[in-house]
Amino acid sequence: MGETTWRLPEVRIESVTAIAFGPIKDQTLELSPGLTVVYGPNEAGKSSWHAAIYAGLCGLRRSRGARNAKDKEFIERHQPWGGVQWEVRLLLKRDSGQRLELRQDLANLANCSAIDADFGSDVTAEILSEGTPDSTIWLGLDRSTFPLVACVRQADLHLVEDDADALQQHLERAAASSTMDSTAAQAIERLEEFRKENIGREQSNSTKPLQMAKARHHRVEETLQRARRLHEQWLGLREIAVELRQKVDHADNRHRRLLAIDTRRQADGAFSAFERARSIAERFPDGPPVNVSDRTAIAQDVSAALSEWGNRPTVPPLDGESADAIRARLDALPAVPDGDVTPAPEVVELKAQFDRAVHAVDLHGSQRPNDPEVATGNLGADELRALALDLETPVPVLNPDLATATQKAHDRLNALASLGWRRQIAGGAVLVGAIAATGSFALGYQPLAVALVFVALAAVVLWWLWRPDTSESRLRQELAEIEAQTRAEQRAIDAAKVKVQTARRRVESEGLPTIPSELRRLADLMVVAKERQDTFDAWIERASMLKAARDKAEDELREALQARGVTASGEVAASYSGYVSACSVRSKQAAKAGTRPAVQQQLAAREAAEHAVADARSRRAAAEAMVIDLARSLALTSGDAEQAAGALRSWQVEHAESIRRYQSEADEYAELQALLAGGTLQELETQVAELRRRAEESGIRPASAGADEFVDASSLEASQRELVSVKDDAARAEAQADQQATSLPSVTEAEEEVEAAAAELTRCRRLDDTITETLKVLRAAAEKVHRDIAPLLAASLKEWIPMVTRGRYRDVKVDPRDLRVQLLAPDQEWRGAENLSHGTLEQVYLLLRVVLTERLVAKGESCPVLLDDVLVHCDRTRKQALLDVIKAVSTTRQVILFTQEEEVWRWAETNQPPDKLIVLPGPTGVAVT
Amino acid sequence: MKIAVFSDLHLDSPFVWAGSDGGRKRRQALRDTLVRIIDLALDQKVDAICCGGDLFEHDRVSPDTGMFLKRQFERAIDVPIYIAPGNHDWIGPRSLYRQAEWTPNVHVFDGALRAEELQEGITLWGGGHQRPAGTRNFLDGFRVDRSGVHLGLFHGAVLGPFAEEGKALHAAFDASQVAECGLHFAMLGHYHAPRDEHSFTYPGNPDPLTFGESGQRGVVIITVLSNGTITLERHVVARTVLHDLLIDVTGCASKQEVLDRFTEELADAEGFARIRLTGELATTIDLSASDLADLPTRLSAKPLVEFAMRHAYDLIRLREEPTVRGQFVRDVEASNLPAEQKARVLITGLRALDGRDDLEVA
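Chains as they are written, first to last, in numbering that gives the first Met the number 0: chain A, 0 to 928; chain B, 0 to 361.
One chain only, chain A, in its complex shape (with noise of 0.2 Å):
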């Protein structure tokens, strides 16, 4: 072994010892506080001290139920091959020094203990779990966790080496869980799955619980509302129904008490019918009273006679004039004339036209105009002061204005045509001298040349001197308009002396004076004169239209007479009068003629008079004589008139008083008939006590309230309607209340079904929040760890990385946020964990675990690490790398190295001590070093 300059562990396994476990009995293994290596071939029992090791320090657990399958796979394992005897014992030391024994009774638990070696005090108590003891509660683990953080196994290397990413992910296990069963990662992913599967987000579309339970939370909460609203209506319903029913029962009772009322009259009425018929029957006991019908006929005869003798007439008196006097005077009396009796209107009215019609002409008459002088001469009076007016003509004087101007205009012309020639001259000279200077010029004459200039240049300015002032054509266009002037004034001059001496040639030759003014008078003068030839003209017209009107007027009159039968044929004014005269004859004839209808009436009224004397005279007889007759038929009386008609008078009482007896006994008799109805009175008696009988059933009592109300036909079949009709309310509002009853949801159950929701919805809402609260928390956690662990990784494989790799990897780091590992490689670059060879992988993974060991274990413990046949599989080179990673892990704490492997075995001896070295014998025996 190399230099022990390392610290021992503190905590350490001295001994154990298989009482009974497996194949071993009674065997003990001493191990050592560093590393001890577990040699042994194949079947020498190297898996059966492993698992007594950690049943001898964890224990087994205790449980009243069933074992779960892990207890049950490890006691078909290791349960000793005999006997019934099943133990495992440990000596433990601590770091405080404390040393324990453990006693792992496997057969019977209760019997498991953990002892103070040294003072022999039971501290099982310290470290029961689960019912028996467990020592690596010490150590922060338990009994399922130490297996995972203390027992590398061959398996676990292999996992490395297959999958790049396996420690790394271990590394996130260790950091999330000592069980290491899962990352934090996936806990936070398991957790968000789970409530995306099992709660879902509060979204309309969302098919999730959450969403569903609120879906059918509102949907039940609405059935329920509506369920309250059909009951509270049914509720409704049947409260109008009992109203209903409660007027239904009035109504009843209302009819039922004019039953009564009614049953009460009918056998109070039939009680007093009974009465009435016993009391008419008493008084015909022999049957129906005697008819006395048979002198009904004399009776009729005396009431006849005592008739006409009451009504026998009365003879009247008679005096003046008589019939034949009256009947004289009639015949005596004129006819009645023919003709108007007064003048006719339309006559009359005519008469007074033809009076109005003469006047007329009369007075037209007498407004005769003066006759008209006749006017002379063939001129008019609008031709004569036309006349004047041309006499008067003045004669206009040409203007001497315009002969001036046109000599003027000649003069200037004459002019003009003298400017003319003397320009062309100065012209000429102009342009002579110029070509002579030219000339000169240009043959060499200088002086020549400029004086043929300056000649030039003074015909220059002759020509410009002579210049006219204005043109020959405007000249001469200013001449013919003077001319023209001259020439108009010249014929308005002459015009005017024509009209002068044709007008008065005109008025000469009508003999009338050339003067204008007495033209004018005289035109005057013939205008009077014929207004006055109008005036009169007017005046005969008149005249002759009012003799025709007198004349028709006349003409009308005398046919209105002559239609009155009148003779007109002279005056006719006259006719008039003597059709008035003869009116006034007639007239009088007339009214005598009059008095004849009253003569007649006198005379008819005369003639009546007589003959009703006459007639009163022959009744008065023949009554007298009938009731002398008849009385003496009945033997009542003599001759005398008067007293056979008091006689008859008096039979005549006597008669009728026997008459009105017998109707009366008559009726009664029939009353009575009519109370029997065809029956008896026995029978009637036993109706009336029927009726009383059920009047008093009744209760309506003749003295009782309302006893005395008015019932009839009509007032009883009114209280029939009404109870008819409520009945009919009161069954439909039944009907109506009793169809909703049948479809009537139950609250209650609306009720439950809405709490049942709430319920499921808060759920899912508490679900949510404890989700929700748990990922918020275990982040933070994560992260938290993360960070804490990433440097302390870090450090610890920084301190075994030189060493165990021989300075090849320098340096370590660890990611916090995924716990990757990084080294640093010869070439200075940083190498992920997963790019490394196996081998060095491999080395790595057993410092991580030890690392995590430490890092997993309560602080101030330090844990045992077993090692069961890790380098079974590995080539040489890296088996070595790794027995000088265990050697290394070896001073810090205790290794237990479990191992099949001759190298190892050889490697072992030579590093002994302080380690040590066990080699499990084959079935033969016991080797121990």
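In case anyone wonders, no lab produced these hints; they're calculated from the structure.
Treat the hints loosely; a few may be bogus.
Stated by the list, open to error - Short, incomplete list of chain A residues facing chain B, as computed with Cβ under 8 Å:
#1 G139
#2 F193
#3 N197
#4 L234
#5 G235
#6 R237
#7 V394
#8 L743
#9 S745
#10 E751
#11 E754
#12 L766
#13 D768
#14 T769
#15 K783
#16 V784
Claimed, not checked - Quick list of the computed label-pair ranges, beta carbon to beta carbon:
#17 P295/B / D94/A: 51 to 59 Å
#18 T222/A / P295/B: 25 to 33 Å
#19 D251/A / P295/B: 54 to 62 Å
#20 G140/B / T222/A: 43 to 51 Å
#21 S724/A / D243/B: 54 to 62 Å
#22 D711/A / P62/B: 38 to 46 Å
#23 D251/A / R74/B: 23 to 31 Å
#24 P295/B / A757/A: 51 to 59 Å
#25 R74/B / R253/A: 30 to 38 Å
Said to hold, decoys possible - The calculated PhoX-like cross-link candidates involving lysine-lysine, where the alpha carbons are at most 20 Å apart (straight line), are:
#26 K254/B / K301/B
#27 K195/A / K775/A
#28 K195/A / K213/A
#29 K71/A / K254/B
#30 K254/B / K69/A
#31 K341/B / K775/A
Cβ coordinates follow ideal geometry from the N, Cα and C atoms, glycine included.
Add chain B to chain A, keeping to what the hints say.
For chain B alone, kept in the frame of chain A given last:
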């Protein structure tokens, strides 16, 4: 004379805890109980039956409840039945009391206390609630106006040490008022817990309405002597049993063991049951309420399961663990979450870290 007194039957009451089918069975059980109350009254040959109110629930009354009550009261046609409506079956224009055509033996009190002579020298003073809340003390300003023995019947909450926790104080009165107003004894409704005192009795709800009810609830047969001596005799009429069971899951290594214990505990149980799981549940067991609710039993409805057990996480050790799990435990315990949510978050997180899928903690 003998009087049968009951109250607070609460026909048509909801039973949320019993589930849909269970609720219907519970409501039928209430009706069955009324049948037995009438049977008992007839067997005991009582002179009157008194109901202290809350016979049914007005807001939930079903269409045939009126006819059911009428038929039952009709069976006791020769026994006067006096009903004092309570705050749940208050009398009003739409009340069942006004709508049913009761037989002549049924008398429903309405409003202030009113006298009914039970027999010569014994007078019953009854009153009824006319609204669901706000009914005043029936005894305020009341005084008997005649001689003899006087009994009271109404629905009200007695104040003071007798008051029942959690109950609204409808028509609340003081116990001393019973004697002060001249009543010899008051027959009351409202409190569901049975109570017999010198001056009054609460018969209690005759058929279970919820779990946790105790005491001899049912019908009180009251014997009244002419000298005012009153004796009480209680009769239980309910057939339904509500089991309140505790099952300790400590030591169960698997879910099957928990289920076996559950089945064993409920082997002979009938009616309805509320199961509280206590003790310590192994962390490896994935147990949900539905696992237990669906087990075959002789119960009338699925049992009501309450998880009151601890989960067997060794939190003392876990909080020392230098891992994410340990940090998580420490953070949760240090948080300000309510205790219940803290426990749920803790278990949920630990299960997630254990790689488990049963993340809902009851």
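Structure-based check of all given hints:
no.: 1; hint: G139; result: holds, 6 Å
no.: 2; hint: F193; result: holds, 5 Å
no.: 3; hint: N197; result: holds, 7 Å
no.: 4; hint: L234; result: holds, 4 Å
no.: 5; hint: G235; result: holds, 6 Å
no.: 6; hint: R237; result: holds, 5 Å
no.: 7; hint: V394; result: violated, 136 Å
no.: 8; hint: L743; result: holds, 6 Å
no.: 9; hint: S745; result: holds, 6 Å
no.: 10; hint: E751; result: holds, 5 Å
no.: 11; hint: E754; result: holds, 4 Å
no.: 12; hint: L766; result: holds, 6 Å
no.: 13; hint: D768; result: holds, 7 Å
no.: 14; hint: T769; result: holds, 5 Å
no.: 15; hint: K783; result: holds, 6 Å
no.: 16; hint: V784; result: holds, 5 Å
no.: 17; hint: P295/B / D94/A: 51 to 59 Å; result: holds, 56 Å
no.: 18; hint: T222/A / P295/B: 25 to 33 Å; result: holds, 32 Å
no.: 19; hint: D251/A / P295/B: 54 to 62 Å; result: holds, 60 Å
no.: 20; hint: G140/B / T222/A: 43 to 51 Å; result: holds, 45 Å
no.: 21; hint: S724/A / D243/B: 54 to 62 Å; result: holds, 60 Å
no.: 22; hint: D711/A / P62/B: 38 to 46 Å; result: holds, 45 Å
no.: 23; hint: D251/A / R74/B: 23 to 31 Å; result: holds, 28 Å
no.: 24; hint: P295/B / A757/A: 51 to 59 Å; result: violated, 29 Å
no.: 25; hint: R74/B / R253/A: 30 to 38 Å; result: holds, 34 Å
no.: 26; hint: K254/B / K301/B; result: holds, 19 Å
no.: 27; hint: K195/A / K775/A; result: holds, 16 Å
no.: 28; hint: K195/A / K213/A; result: holds, 16 Å
no.: 29; hint: K71/A / K254/B; result: holds, 17 Å
no.: 30; hint: K254/B / K69/A; result: holds, 16 Å
no.: 31; hint: K341/B / K775/A; result: holds, 13 Å
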